[in-house]
Amino acid sequence: MWWVRAACVLALAGCKKKADGDAALSCDKGASALGVKGGFGAAEVNLDWLPDRSTGLYLSQTVSALVSDDIVGLGLTVDGGTARTGFAKVTLDGQVLVDAFGGKGFGDKARTARPNAAAADTFDSFSGTGDTYYGTPTPGWGLGPFYLYPQIVASMVMPVNADSRPFGGCLTVQAVSLDEPTAAALHLVTKRSKVADHTLDVDVVVVDGAGISDAQLADAIGVMKALYDGGDALQIGAVKTWAVTLPDGPFVGSSNAALATLRGTHLEGSNPWTLRFYVIADFKGEAGTLGIAAGIPGALGVPDTAGSGVVVAVDGHKLQDGTLDVNTLGETMAHEAGHLMGLFHTTEATGDSFDVVDDTPECDARTHDKDRDGAVYAEECTDADGKNFMFWVSGEFRQTELTPGQADVLNRSPVSVRPEED
Amino acid sequence: MNKVVMVTLLLAACAKSPSEPTAAASAAPGATPTGTLTPTTPAPAPVASSDPEAARWSKLAERLSAHDTEDLPDHDTLAAFPDAAEGLLWLATHDDALFVRARALDAIGVLGAPDAADVLAKALADGTQASSVRVAAVIGLGRLKGRDAAVTTLLGAVEDVDLRVAEQAVTLLPASARPALAAIAQKPTLAPEIRAKIAALP
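Going down the list, the sequences are from chains A and B.
Taking numbering that gives the first Met the number 0, the leading residue of the first sequence gets 0, the next gets one more, and so forth.
Taking numbering that gives the first Met the number 0, the leading residue of the second sequence gets 0, the next gets one more, and so forth.
Read the hints as simulated data drawn from the structure, not as lab findings.
Just so we're clear, the structure is a prediction, and the values are computed from it rather than from any experiment.
For glycine and all other residues, C-beta sits at the position ideal for the given N, C-alpha and C.
Fair warning: there could be bad hints in the mix.
[Unchecked claim] Taking beta-carbon pairs under 8 Å as the criterion, some of the chain B residues facing chain A (in silico):
#, residue
1, A30
2, T37
3, R62
4, A65
5, T68
6, D95
7, D105
8, G111
9, A129
10, R163
11, P178
Here chain B stands alone, though its shape is the one from the complex:
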């Protein structure tokens, strides 16, 4: 390599931007300013109710109240709680905080009791539950590793009117369900967004 080429290469290397974006960053969007905020003082949080049943499951509820999700209980930790499945179901249907309800449904899947698929199917069908909680029921079903009852419910969820629920179900169905999923994708009633998600599956 002659000296000119060498120097050219060296200078080109030196000129490289130190902030060269990663692939992810290069696709990043831009934001537009919308104003400024002055912090305000909210009303005090309401005092929690003293439901005796809530007291029974308070320790389980607190275990689900970790600030960070990596501290949520694993199977063995959940199994160590007396009547854990019963408690999780109670929390999923009675706790005031949606994140506790959602985590309880996810935990039902982690615990994986024999009737977990049925319990989660009922939660998914419960019209009083918020969208984020029904999505959690789908996530719990996805943890049941392809149990037939879970797969059947997930396939039904693909046609849910809540697109969050439907999209989550598409992503959690096992490969063995692909033929059934392909058949659902042919239905004219299926939301185009969900059809596109199915088509985009690897």
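Bound-form chain A, shown alone:
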């Protein structure tokens, strides 16, 4: 009964979910700003869908919220009952950040190279379903700096680079679904504190023991902590461990459904601003998968959704003698958490597409692919970004570098701060 819910929105302003500040989300005069001054804040809004007969899509109402001038980080997540959800249009203070219907992506200074271009260029090519979406390619999706495409849970974060830092003004968000929605909520999370206040609390959910001890976990997280410390990025705060039992034990399928169930694990009493790792023994049906982030970015500050958290596998980090390589496990956790918080690979495999962070060196294939084999490797890129832990591939050395620009993205992440009163 989409019309009922649409009518609800049109007729009753009271349908709007209230923000932390006890005021309805809006940009009306006198409205409270989104979030909470001094720390982490979260709000959510019911989405109501209207079918667009001309495109076959379902569009939500446009949600408006006032963003205060002290905003440091902003995360948006559309969590719904459809497998293909995205952002139709997002504006801030009149600037178009995302426009899936033909507008350009936000950030004129963003580099033109496109991470994951082959996958993200159009939804058609990404899904492999053969569906077409409002013509292809779809400007505004698959373009920098956000590189968005429809997902089971669609997320975006600001900033992903210096040009996409959030600022004060009226935020408007309209979501789109390519399938008939069954439910949906828009989550808005904010960091309104000093950038220097950057503590990342962590929840580690261990699935059926996963073949890892607490001591090994502490070592792996110690490696991740050292990587972030070395880059003047996040300070690892409270690390809580959790245990969960699944019907198939510690081996989890890599399908969307299996991962959605795992990521939907409810942690009673957990805080929404924590970054969550799920530690499993191995992925079913995949060979040697080390870890999977829910997205670039994932659902930040929104736990228990199909787009939340990082899954890491223990077996892939073992050596032939049976020992666990905690150093590599820690690097995987840092790398995948970087993806979850909005960092792309600094250089992609082919050496012709790069991240959108201004100060990350680029390992350009034209100058670094010395053996002309079509890929740039860590060893070929040691004078560029080969030692950066967001490089696409590991090498024969530890990748410990992080640039100030990357650190700034992490330190502004809405999950890098606790609520002020905490």
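Given the coordinates of chain A, work out where chain B should sit on it, guided by the hints.
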């Protein structure tokens, strides 16, 4: 529609929880807290050996060391490596990292050389390989699109004592192997878990 009904419907719609779970989320389990951890500093990783044969295949090994699986090489990329099949086999049996061994076996299936089924069958039969690596051999066999030799090995793997191997084999057998699979399911020696997996096939 009268006004009362209309208002009732509107209020019901407004009351809908914004966090209404998806089907997957509704089946999600709950976790129990087990404590807190203090990050520690592990011992430095050991220095890699300087085996000259390892040096020969180092570029191939690095190509298999992508952080994310979507960056692993496809058939054409693998085929561009000189002696790729030989290198993949060496890595599958000599690399210290299990994920490289596993990815090498998977890649042997992706490359699909004429002797790939035999190579993967030997890897599957190698008792020195870890469970996750033997599972990867099964995945590689599954990539061979129903070659007779691959199907024969997969059918044998259904009775493997390692239930991970057996379960993976069940899921990768082509439809043409269903009669043989049904016959295996009748064997009293078959693990009940695997019999259940076979029964649950669509």
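Verification of the supplied hints:
1. A30: 4 Å, holds
2. T37: 6 Å, holds
3. R62: Interface hint status for R62 (chain B): holds (7 Å vs cutoff 8 Å).
4. A65: At about 5 Å, which falls below the 8 Å cut-off, the nearest Cβ of chain A leaves the hint on A65 (chain B) intact, so it holds.
5. T68: Since the shortest Cβ distance to chain A is 5 Å, the answer is holds.
6. D95: Cβ of D95 (chain B) sits 5 Å from chain A, so the hint holds.
7. D105: For D105 (chain B), the interface hint holds, since the closest Cβ of chain A sits about 4 Å away, which is under 8 Å.
8. G111: At 15 Å from the nearest chain A Cβ, G111 (chain B) fails the 8 Å test, so the hint is violated.
9. A129: Interface hint status for A129 (chain B): holds (7 Å vs cutoff 8 Å).
10. R163: 7 Å, holds
11. P178: 24 Å, violated
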